[in-house]
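Asks: So the chains spell out like this:
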Amino acid sequence: MGIPLRQALLVAIPLVVMFSILQAAFAQEAGKVIINRVEVWGLFYKGMVIAFTIGAIVMGVIAYVVFRFRESNPKNASRTSMEGRH
Amino acid sequence: MVLEVKKPRPMWEILFSTHHTDVGLLYIILSLVALMIGGALAIAIRTELFLPGNQGIIPDPNTFHRIMTTHGTNMLFLWLLPFASGMGNYLIPIMVRYKDMAWPKLNAVAFWMTPMGMALVWLGMADFTWYATPPYSILRAPGPAAEMWIFGIKILGIASILGAINFIVTILKMKHPDLPLMKTSLFVWATLMTSIMILVAIPTFAAALIMLFTDRLGVSGFFNPAMGGDPIAYQHLFWFTFHPEVYIFAIPAIGMAYELIPKFSRKPIFSYQSGVAAFIVLAIVGFTSWAHHMYATGMNFTEKTVFMVGTLSAVPASAMHVFNWIATMWGGRIKFATPMSFVVGGLVLFFYAGAGGVVNAQMPLDFLTHDSYWVVGHFHLFVMGLITFAFLGFLHYMFPFITGRMYNEKAGMVTFWLLFVGVSMIFLTQHVLGLYGQPRRVFDYIAVEPLIIMNQISTVGAWITAAGSALLIGNLIGSSIKGKPADMVDPFQIGQVYYDQTRKEPHH
Amino acid sequence: MGHSTVEWVYVGVVVALLIYIGASAWDVERFLDHPPKDAKVVKVTGQQWFWTFEHEDGKKELGELHLVKGVPYVFEITSRDVNHSFNIPDLTVLMDAVPGRINHMWVMPDASGEYLIQCREYCGFSHYQMRAKLFVEEAIPVSGETEVSNIPVSVQEAKPVIANN
Amino acid sequence: MTSPGRMMRGLIICGVTLAVGAAFIVLNFDAMFSLPPPVARLAATAPPPPPPAAAGVTTITILAGAATQGNPDYDPDDAQVPIGNKVVWVNADTAPHTATSGTGPEDASSGSLFDTSIINGGDKSAEIELKDVKVGDVIPYYCFVHPYMVSQLTIVEAGAAGSTNQSPIEAAITIPPGASIQGNKPYDPAEFEIKKGNTFLVINTDTAPHTVTSGTGSDDPNSGTAFDTGIMMEGDRIEVSTVNLNVGDYDYYCVVHPYMKGKFKVTE
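Chains as they are written, first to last, in our numbering: chain A, 1 to 86; chain B, 1001 to 1508; chain C, 2001 to 2165; chain D, 3001 to 3268.
Chain A with its partners taken away, still in its complex shape:
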């Protein structure tokens, strides 16, 4: 894993950027008549799907962390490495 993955990411990200812009740019030219509210609300709902999936993941992780690693959790009885150093 280590080093090559980071290089891979540094290459992958610009590629994604290039691809998405080129693909959109060569799509059908602007000036076409569309129904504004349908396009805008469509984009909004797509955004909401993404926001709520990530939201569920992040809130799930936070809830797990808060519940699992709370002080009063019996599994947490032993003290972590950092403690006891005064």
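Hint data in this document are derived by calculation from the structure and do not stem from the laboratory. Ideal Cβ placement from N, Cα and C applies to all residues, glycine included.
List of simulated lysine-lysine pairs, DSSO-like, C-alpha gap at most 27 Å:
1) D/Lys3131 - D/Lys3086
2) A/Lys75 - B/Lys1263
3) B/Lys1105 - B/Lys1173
4) B/Lys1484 - B/Lys1335
5) A/Lys32 - A/Lys46
6) C/Lys2043 - A/Lys32
7) D/Lys3195 - D/Lys3263
8) D/Lys3134 - D/Lys3124
9) B/Lys1183 - B/Lys1263
10) D/Lys3265 - D/Lys3195
11) A/Lys75 - B/Lys1335
12) C/Lys2133 - C/Lys2059
13) D/Lys3263 - D/Lys3185
14) D/Lys3086 - D/Lys3134
15) C/Lys2069 - A/Lys32
16) A/Lys32 - C/Lys2037
17) D/Lys3261 - D/Lys3185
18) D/Lys3261 - D/Lys3196
19) B/Lys1154 - B/Lys1105
20) A/Lys75 - B/Lys1410
21) A/Lys32 - C/Lys2040
Which bits of chain A does chain B cover? Going by a derived footprint, with three or more residues having C-beta under 8 Å, they are:
22) 33-40
23) 52-66
24) 69-75
Position chains B, C and D relative to chain A; hints supplied.
Replies: Showing chains B, C and D alone in chain A's frame:
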């Protein structure tokens, strides 16, 4: 080890002191007063909007617009900034192991300009919203109130620039020689980055304020269309200052969260370097996205795209902070005392604010959300959710350090839950309210069933938050008077060192 | 401390997601920002606390705007005193009216009915009441000619998309 | 350790300061909100309110901001001039303008019928005599300095425009320019007396639309019942008769700008 070694000093000695802890204490007291009276205005606004029509709590639109403007200005410049510089004053000299700030007298001057600005803003109560957008602020905003606001904000701007210079020199120049910058706490990094952003951002608005004032006098026409000026120029100057400014409000709160989360998780920070990198990236990228506030002023397509890219580029930095905190809490033994509860509550609301921001950033969605209650909910999730929660958490954590006494833990937790539920009710509902098309800054709304219900939920949330704030102030004042003395070595029993410097050079 | 690759993956996912969101927004905005060629021009003027409209044939309207379903319109929006913002929530039209400047925004109403027009930029005393009504009427061809006559459709029949009056 | 005594003294300092501030706000709340911005007052005083024109003169106002292309210029745009009437142009803009007959500088006969020559900001042109014109003529004119400002005069029968009812006009209220700005003088004169049965004339010389509506405000249940001029655009002149008003005081206000209030007394 009791803090107050010598005979307690007379009041005036604290008021006119230049020592960083005294100036820090004065900043915190002023900011808490501002929080309470500004909050009272917010409760008046929300109660007025409980029902459509005029409930008589705020008699007429003029008074409503004046209250709304003062609430906005007060909360941003008299609660957020002074509290951040107050806590900075308290801790930075200790964290860089220097006896005081670089220029103690300048520190006191910067503080004493703040109540002057506060008086000007409050005694006038202008009505042109805290944007002061021309041409309304030039051609229509009445009274000495408008000029008083302009000079009040001018003074507050200069005060924050002086404070920023003081912090930068203290951190970079007065740091203990054998303490490398990469070993100082992340709160030091947060304050350093905030101060550098202040130096770059505030002067633009200082200029815009003078132009606005001379336009009002009629001697110039920078933003006055009748004299050939362009009101959009003002909006560029305003937002070039104020979008970075919203990061200036947020970064100290993030720094304070970095102070608390490792201590209460009894675990070191997941990645110090990632925190520093995120601060530096945010400080730079913060300046590339100001005109997403102006999508609706008729910008052309390419210009909007540039600022959308600038806005989206600021999201990874905040995402790294969220990752850092969760990763720090992972595997810890977390003690959910009041400070930690506030910071984790702030983290949750920070995520919702960020998610909403990604929606705002998209150009087409601006047609839905611009100047609507979605935006009100969005930025309040930042200023009331992340920032005020982190500040209150840090205030509870610093309570024993400042007063030597311990606050009432149960009251603290009840305050947290009241504020968390209240804030969530108000501002998450306001997102949907905005999508239903209710504009921002309205004295009244159309008496249509969905709008009424959401306004009522929002107002009930405001009352819950008000109860939480009252309990907060009661707890702070009551415990300062008769709280039991705190164990200065480890006041929260988290098995970690509190500010050990307090034992070597106690002050107060 | 922690293994930093996890964070690199996390940042990579966030950045890729943002690029996708940015690109899809760019793709929609392209059409919203470029009006179709044959759009009819409607001059919209905001002034302190009401809206006035002027059609291509010179017909002026105050507080009410009558448009025809299925016809693309370009609004030329300006203001005569302070900043206002011309907003039809149901048709996602939102463009500031700035004095001394003409802003353009186009829309093609696709459902007849009565819609709310409101001001979306703080403009003083009665900003909260600065509203107008938009009537979108069916395009009814008059006996064979292609010319369209505006016979208002009864309001109850058409339900606006988002429930406000 | 913060002692209770010191905490009390701290609270008193904060309390007293807040009380003093609150007292100042409460006492001066309206005073802090009373002066319109100087630039608005400047514009208000610059164009002197045009004196009420003699019966046989039609007034056309050149609006403030007319110099900016796209902004409305002459008002009323298509002035109905009764035959035999003289025409006068009032320049309410800060920039200089003219009113020259013809369709533009390229029109060969431009300026042949009439030419007011330069009218500076705030001035009034000389009264123009329209010679050898007949009812129904449409005379285009434009501003020599800003050729994109075009308008026209239409000649109508004598007596068509102007006062319709017979009862004599005893008083006139002008709504001065800048009246819409809070703090400026809303109605001029603010109070007047009128004999029952006479008529008073309302002239709107401000750029913003106004109304003269009976009552004290929009929340007054019988507002608009006694009289209501309806929305008056710039330059509109409406006569309000007091025939069916009974003797006594009447309050009126502007529906568009409810903070504009005035009153008059109907006498025997």
